[in-house]
Amino acid sequence: MLLSLESGTRSMHTYWVRLNAVFFYGLNVLLGLAVMTWLSCLQQDLGFGDYPQPVIHKIKMNDLLSLRSHGGVDRALLSFDLAADLRPAFHWNLKQLFVFVLAEYESESNKLNQVILWDKIVETEEDAQMATDNAYIKYALVDQGNELRNTTVNLYVVWDHMPVTGRLFMNRGKGSPFELPPSYR
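At position 144 of the sequence shown the residue is numbered 145 (our numbering), and the sequence of numbers has no breaks.
There may be inaccurate statements among the hints.
[To be verified] Calculated lysine-lysine pairs in the DSS-like style (CA-CA distance at most 25 Å, straight line): (1) Lys121 x Lys96; (2) Lys175 x Lys121; (3) Lys59 x Lys139; (4) Lys61 x Lys175; (5) Lys121 x Lys59; (6) Lys112 x Lys175; (7) Lys139 x Lys121; (8) Lys96 x Lys61; (9) Lys175 x Lys59; (10) Lys61 x Lys139; (11) Lys121 x Lys61; (12) Lys175 x Lys139; (13) Lys139 x Lys96.
Simulated from the structure, these hints should not be mistaken for lab results.
Working from the sequences, and respecting the hints, build out all of it.
The following block contains the structure:
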């Protein structure tokens, strides 16, 4: 009687051990495939080799709509022109790009100020070729104080790579400076 109980327990234990081994073997295979996927696109992502790179043809401030003090902080509203070809950033491991226009400037209070003015999620290679003139910003250029007047602001196009698997990273194009006026309008 004792012998039959032990053999029944042993076979049940073996069944769960085998199921556990198959499950975790499958997870290890998936991990290995994910790492190989990431490594296969790493050279293109880092810009090594003969891979074409995304190009920012134009990013510039078009028109300053207003510069005002709003509740003790300076706030600027503006429009911009953008022409960019981000299609070379796409490959089979890229799910989407998060593209945004970044305003960067120095003030007396802060050495580096960065404000996102406009953004877009690009999911297809066709949408990665962008050309827009006189586009209005989605988010106002707001300073923490009242230090925007007579300030040089650089506009950048930044794209954040969101791969299917692998590391997240950002690239940015060259800046386009413009000067804000010395008085409110």
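*Which of the numbered hints are not met once you compare them with the structure shown?*
Structure breaks hint 8 only.
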